[in-house]
Every structure is written in structure tokens, then in C-alpha cells.
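Participant: Sequence:
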Amino acid sequence: MTQVVYGVWDGVAYDARAGGFDARATDYALENFDEFDEGNAIRAFIADRGFFVFDPTVSLVDALFHYLKTAAEQSCGACTPCRVGTVLVRDALDQMRRGLDAVLTLDDIVVLGEQIRQTSLCGLGQTCAVALLAVLREFRGRIEQELAPGRPIPAQHGMAYVTAPCIEACPSKINVPRYIDYIRDGKPESSLGVLLQKYPMAATCGRVCVRYCEQACRRKFVDEAVGIKTLKRYVADQQSGPHALKFTRDMIRKPLADGMRVAVVGAGPAGISCAYHLLLRGYHVDVFDKASQAGGMAQIGIPSYRLPKDTLALETDIIVDLGGRFLFEQRLGRDFSIDDLFARGYRAVFLGLGCQQGARLGVAGEDLAHGGYFSGIDFLLKVHDHVDGIAPLALQGEVVVVGGGNVAMDCVRSAIRLGAAKVHVVYRRTLADMPADPAEIEAARAEGVEFHVLSAPAEIVTEHGKVTGVVLTKMQASEPDASGRRSVKPIPGSETAMRCDVLIAAIGQQVEDGPLIESDGIAFDRWRCVATDRVLATSRPGVFAGGDCVTGPSTLVYAMAAGLKAARNIDDWIQRGSVRFFKRSRMRKLIADNHMMANEIVAAPVRNAYRVHNPEIDPELRKHMFGEVEQTIDARAAYAETQRCMRCYRVYSVVTKHPIPEGAA
Numbered sequence: 009m010t011q012v013v014y015g016v017w018d019g020v021a022y023d024a025r026a027g028g029f030d031a032r033a034t035d036y037a038l039e040n041f042d043e044f045d046e047g048n049a050i051r052a053f054i055a056d057r058g059f060f061v062f063d064p065t066v067s068l069v070d071a072l073f074h075y076l077k078t079a080a081e082q083s084c085g086a087c088t089p090c091r092v093g094t095v096l097v098r099d100a101l102d103q104m105r106r107g108l109d110a111v112l113t114l115d116d117i118v119v120l121g122e123q124i125r126q127t128s129l130c131g132l133g134q135t136c137a138v139a140l141l142a143v144l145r146e147f148r149g150r151i152e153q154e155l156a157p158g159r160p161i162p163a164q165h166g167m168a169y170v171t172a173p174c175i176e177a178c179p180s181k182i183n184v185p186r187y188i189d190y191i192r193d194g195k196p197e198s199s200l201g202v203l204l205q206k207y208p209m210a211a212t213c214g215r216v217c218v219r220y221c222e223q224a225c226r227r228k229f230v231d232e233a234v235g236i237k238t239l240k241r242y243v244a245d246q247q248s249g250p251h252a253l254k255f256t257r258d259m260i261r262k263p264l265a266d267g268m269r270v271a272v273v274g275a276g277p278a279g280i281s282c283a284y285h286l287l288l289r290g291y292h293v294d295v296f297d298k299a300s301q302a303g304g305m306a307q308i309g310i311p312s313y314r315l316p317k318d319t320l321a322l323e324t325d326i327i328v329d330l331g332g333r334f335l336f337e338q339r340l341g342r343d344f345s346i347d348d349l350f351a352r353g354y355r356a357v358f359l360g361l362g363c364q365q366g367a368r369l370g371v372a373g374e375d376l377a378h379g380g381y382f383s384g385i386d387f388l389l390k391v392h393d394h395v396d397g398i399a400p401l402a403l404q405g406e407v408v409v410v411g412g413g414n415v416a417m418d419c420v421r422s423a424i425r426l427g428a429a430k431v432h433v434v435y436r437r438t439l440a441d442m443p444a445d446p447a448e449i450e451a452a453r454a455e456g457v458e459f460h461v462l463s464a465p466a467e468i469v470t471e472h473g474k475v476t477g478v479v480l481t482k483m484q485a486s487e488p489d490a491s492g493r494r495s496v497k498p499i500p501g502s503e504t505a506m507r508c509d510v511l512i513a514a515i516g517q518q519v520e521d522g523p524l525i526e527s528d529g530i531a532f533d534r535w536r537c538v539a540t541d542r543v544l545a546t547s548r549p550g551v552f553a554g555g556d557c558v559t560g561p562s563t564l565v566y567a568m569a570a571g572l573k574a575a576r577n578i579d580d581w582i583q584r585g586s587v588r589f590f591k592r593s594r595m596r597k598l599i600a601d602n603h604m605m606a607n608e609i610v611a612a613p614v615r616n617a618y619r620v621h622n623p624e625i626d627p628e629l630r631k632h633m634f635g636e637v638e639q640t641i642d643a644r645a646a647y648a649e650t651q652r653c654m655r656c657y658r659v660y661s662v663v664t665k666h667p668i669p670e671g672a673a
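So the sequence shown is residues 9 to 673, counted in this note's numbering.
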């Protein structure tokens with residue numbers, strides 16, 4: 009455990025120096041705080057909630073100057089306290105550290121710091137003076153001691169990192185407040201640019217993202233979270249028609265030689281994202297996929313009423329526009345091997361295979377069910393083929409879907425549209441425990457789906473191999489464990505029969521053709537996922553992997569984040585033979601491991617203004633069609649929604665013993 013010498017956090021002062029007033033400094037448990045990078049000790053840490061000093065010789069004047077310098081650079085200029093106050097304090101601290109007579113005294117800085125904290129309009133201004141004020145309140149003598157000689161204070165090493173709760177919650181680390189600022193300023197093309205720095209599928213994500221950012225949005229403590237996903241869709245949908253952004257190979261700043269080729273296996277969100285970022289880095293990329301079109305699970309697993317396929321195609325086509333190639337109907341282990349790819353001259357391989365094999369229920373009668381029984385993935389593939397006109401599909405009678413995730417919701421809502429008389433969801437836990445997006449659950453209920461919670465299948469009933477029903481067992485939930493999760497167990501003698509004509513098991517997925525891939529030198533973990541290290545490298549040199557095949561079934565935005573990370577690391581591996589240290593990633597881990605980001609809003613008056621919602625087609629109409637349910641908001645609504653963002657930026661900085669390796673952002 010890292011030893012704190014002195015500091016203030018959440019208003020509580022710690023001092024373990026000789027003669028210090030509080031020996032509880034070591035009570036604040038900090039993880040992984042000894043070194044920032046290998047052999048580079050962390051000397052001090054400054055944040056929105058206070059500061060910690062680990063090396064008593066550190067200069068707080070210099071550290072606070074760099075902290076306020078970053079705050080001043082990030083000020084949006086909307087209010088005078090932050091725009092002007094941070095600059096005045098920064099300049100005063102700069103003069104002090106250079107041994108000059110400062111325009112402001114320490115008392116002046118306290119007054120100005122309080123004004124910044126109490127009257128700024130956004131989170132950056134409300135928090136950037138917290139550590140400064142804590143130092144001058146509890147350890148002013150330390151500052152005066154530093155300034156007493158009147159000589160310049162040697163510069164220190166370190167870095168500053170600006171983020172927000174919504175940014176940290178996003179797997180792709182999208183700068184959400186920035187793209188909202190651009191919309192408010194009437195620059196949707198600049199807003200889209202913020203998104204395109206991280207992934208190419210902005211319109212897709214604007215429709216199906218599960219909104220981790222909104223779950224972290226502090227506006228929810230006032231009224232409702234900002235409609236971040238709604239604004240993302242608005243921005244992406246502006247880029248259509250003759251004025252749409254055109255992607256060409258000419259956009260690539262530094263094209264590489266023809267021999268710099270990378271193979272991407274899987275044209276799902278992870279593979280598309282990886283190929284996109286490699287192409288922008290100048291590589292020549294070929295994307296292999298077993299299907300006849302790009303998109304992976306976004307193509308076959310997300311119904312058209314949520315994600316129109318022409319929208320998806322426009323974004324996957326960016327790969328071709330940038331000079332990449334799709335090689336369809338090419339299956340790893342059947343049409344080629346990893347050995348083949350290296351023999352063809354590819355310098356590295358990325359596996360973005362996804363999880364497209366459904367899990368079995370493991371109940372009595374399952375082996376006898378040949379008609380009317382599907383895995384969730386197989387059913388959605390049939391729905392996809394139906395909508396595409398490849399193989400018509402119609403349902404009659406009652407449909408039971410087992411599961412509580414987004415795949416289960418897609419299955420039940422599709423079943424309604426295919427003509428089922430009645431559709432049921434069976435889930436072994438409570439409604440509150442369902443992992444599906446709450447908006448999807450509500451949409452299913454609005455369309456007439458019936459939910460049966462704390463129920464689990466015990467047996468599939470068949471006649472001549474055709475499903476005719478399912479036996480359900482009531483489940484009982486235990487008290488929450490230490491993690492807050494309740495376990496469930498069956499209630500003996502509670503079995504009841506439910507008639508159904510179709511049974512769909514949407515309870516999980518796994519990597520297809522695992523044994524074939526293992527035989528190519530790729531190790532799997534105990535969950536039957538591809539095993540990777542922290543840089544997404546597999547057991548085979550030059551082969552990286554990411555997305556569902558590594559994590560198990562997850563979300564589109566997680567898969568795209570993995571593609572970006574893999575592309576960055578593949579570039580390093582090819583160009584340097586090893587992966588660089590990424591200082592921003594290290595800072596994120598430092599913040600996350602120690603729960604540095606407070607979970608409450610800063611107390612400041614905010615006028616209630618409830619969020620804008622996407623217009624929707626009426627449930628009674630939409631449940632008879634596969635057309636898109638949600639529509640895009642207009643410019644007026646988008647502007648109104650941007651006004652609700654509280655711009656909860658936070659500044660975090662470290663002082664280190666040695667310079668921090670540059671790596672990449």
C-alpha cells in the first residue's frame with residue numbers, strides 16, 4: 009500500500025510527517041500508486057477532490073501551476089470566473105515558481121480560488137481550485153517555505169489528464185462534452201470529427217449503443233441524464249446526401265509501403281474498427297469474413313427496426329473507401345489458416361471473430377426438439393434473411409424466449425413482427441436483474457410481450473420432434489451477497505407447463521470453431537474465449553484479438569474500443585517490435601482502480617430541463633413492420649439537449665521522479 013506523507017482528500021487532512029497533526033495518512037488505501045511507469049515513482053497526485061504527496065521534497069507551487077495551467081487551457085470561456093480566474097491564478101503561480109514578485113498574494117489567490125469554485129458554471133471551474141484551496145488552508149506553511157528563498161523552483165516531471173465521468177464510462181473514451189460543445193456551437197461536422205477519432209460507426213452506435221456514458225452522467229442527479237446517444241445519432245445523420253463526408257485514401261497522412269499488410273479476420277464491429285484505424289495509419293488491410301456482407305453481429309444480430317442495414321452498410325463501406333478490401337465467404341479453419349496468412353506476407357493478424365454460436369439450455373427434452381427450437385443467434389439470422397428477402401419466415405401461435413439480455417429482447421420484438429399470436433420472456437432472475445437495456449425492455453412491453461421472471465425452463469416438451477411446450481420451475485432469490493448480486497435456486501414442486509409453438513434459447517453465445525482455431529496456435533481461456541494479454545496479444549506472436557471472442561458476448565461499443573486498442577498495438581508491434589507505454593491509459597487505470605472520480609454532483613444550482621427523446625412510431629403500428637422505430641431529432645431539439653450538459657470535466661495530474669515516456673495519446 010502506498011504511503012501518503014501528507015494531503016487533503018474530500019476535505020479530510022492527512023499528515024504523517026514528523027510532528028504532523030494527523031498520523032492517519034496511511035489509512036487512505038491507494039492501489040498501484042508506487043510507480044507511474046516502471047522505475048518512475050509517483051511523487052504527488054492532484055485532483056478535483058484534493059491532493060496527496062508521497063515525496064516530502066516535492067514542490068507544490070510547481071505542481072499547482074501545471075494543474076491550473078491545464079485548467080486554464082481547457083476553460084470553455086462561457087463564464088468569467090473560470091475563463092479569467094484560472095489564468096490569473098496560473099500566472100501568479102508561474103511568477104512565484106520563477107522567483108519573481110507575483111501580482112497576487114496567497115490571500116488574493118484564496119479569494120480568487122473561492123470565487124472560481126463557487127460561481128463557475130461548469131464542472132471544470134467548480135473543481136479546479138479544490139486542491140489549491142486545500143493546500144492553502146491546511147499546508148500554507150509548506151508553500152511559504154518553498155517561496156522563502158526567492159529563487160526559481162526547479163521544474164518537475166509529470167503529466168495532466170482532463171476527463172469527465174461520461175468519458176471514463178465510455179469504452180472508447182469519446183470526449184463527450186467536446187462533441188456536445190460543437191453541436192451547441194452549430195458545428196455538427198466538427199462534432200462528428202470527435203467521434204471519428206475513435207471509431208467509424210457513429211450512426212450505428214447512435215442507434216444501438218447501450219449508453220454507459222449516460223449511466224455515468226451527473227445530470228441524472230438533477231433530473232435526467234443528457235441524451236448523449238440521441239445527440240450522437242443526430243450528428244451522424246447530418247452526414248448524408250451530397251454534403252456527406254467522403255472517405256478516400258487521400259485522407260491518410262502517411263501511406264506505408266505495399267509490404268505493410270495486415271489481415272483482419274472478422275468484419276464485425278471489432279474488425280471494422282481495427283481495420284479503420286490501421287488504414288488511417290497507412291497500412292494495407294484485408295478483412296476476411298465467413299459471411300457475404302460486413303457487420304458481423306451488428307448485421308445479423310440487430311434487427312432492422314433498431315438498425316437499418318443501409319445505415320450499417322454506409323459505415324462498413326468506409327473500409328473500402330479508405331483502400332481496404334473485404335474478402336467474403338472466407339472462414340478461418342476452413343478456407344485459410346493463420347499460417348496461410350503469414351505465408352501470404354501479412355505482417356500481423358487481428359482476430360475479431362465474435363461469438364456466433366448459441367449456448368444450449370441443458371434441460372431434459374432438448375435433444376429431441378428439432379422443430380420450433382432455436383438458439384437466439386440462429387433465430388436472429390433467420391430474421392435477417394427474412395428481412396433481406398432471402399428466406400421468408402413466419403411465426404404462428406405462441407413463442408417463448410428464454411433469457412434477459414439484449415439478444416432476448418431482439419428475439420421477442422422480432423417474433424411479434426413475424427406474426428406470433430403471443431410472445432413470452434422467461435427469465436430466471438427478477439426484472440431489475442435483467443442485463444438488457446431498460447429502453448429495450450420497455451419497448452418490448454409496449455409491443456405486448458409478456459414477462460415471466462423468477463422462472464426457468466426445466467424441460468422442453470415435444471411431439472414427434474416438434475416443440476409443443478416448456479415446463480417452467482419457479483425460482484427463489486437469496487439475500488444479496490457482498491457484490492449486491494442475488495443467487496437464485498429452484499423451488500421444489502413448483503413446476504408448471506406452458507404451451508408454446510416456438511422456443512428460443514437466448515442465454516448466451518460462444519466462439520464458433522474453437523478447436524480449429526486452437527489448432528492454429530491460439531490459446532483459449534477457461535471460459536472458451538481467446539486468451540490475450542493486456543495489449544490484446546494472443547499466445548501466437550503477431551496475432552492480436554479483441555471483441556466478443558475475447559470478452560464473451562458484449563456490446564458494439566466495447567468491440568469497437570478493442571479494435572482501436574488492437575490497431576494501436578499492432579502498429580507498435582510492426583514498427584517497433586514491442587508495444588509502447590501509454591500514459592493516458594495508465595492515468596485512467598490509476599483513477600479507476602482507486603475510485604478517484606466522485607459519484608456525486610458538485611452542488612450548484614441547475615434549472616430543471618428534462619431530456620429530449622427520439623420520436624418513435626406508435627407501438628400498435630410498429631409491431632407489424634421491420635422499419636426503423638426511432639427517428640432522428642431535429643436541430644432545434646439537438647440544441648436544447650446540448651444546453652443540459654453540465655460539462656463535468658475534471659483535471660488529474662501526477663508529479664513523477666523521471667520524465668514519463670511519451671508513447672501515444
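Calculated from the structure, these hints are not laboratory results.
Errors might be hidden in some of the hints.
The list that follows gives simulated cross-link-like pairs (lysine-lysine, DSBU-like), each with its CA atoms no further than 35 Å apart [what the hints assert, rightly or not]:
id: 1; residue 1: K665; residue 2: K597
id: 2; residue 1: K298; residue 2: K228
id: 3; residue 1: K195; residue 2: K665
id: 4; residue 1: K474; residue 2: K497
id: 5; residue 1: K262; residue 2: K390
The following label-pair restraints were derived from C-beta to C-beta distances [what the hints assert, rightly or not]:
id: 6; residue 1: K497; residue 2: P667; range: 25 to 35 Å
id: 7; residue 1: R536; residue 2: R333; range: 26 to 36 Å
id: 8; residue 1: V328; residue 2: R536; range: 42 to 52 Å
id: 9; residue 1: R534; residue 2: A252; range: 19 to 29 Å
Each residue gets a CB set at the ideal place from its N, CA and C atoms; glycine is no exception.
Participant: Would you list, in rising numerical order, the hints stated earlier that this structure does not obey?
Facilitator: Violated hints (numbers, rising): 2, 3, 5, 6, 8, 9; every other hint is consistent with the structure.
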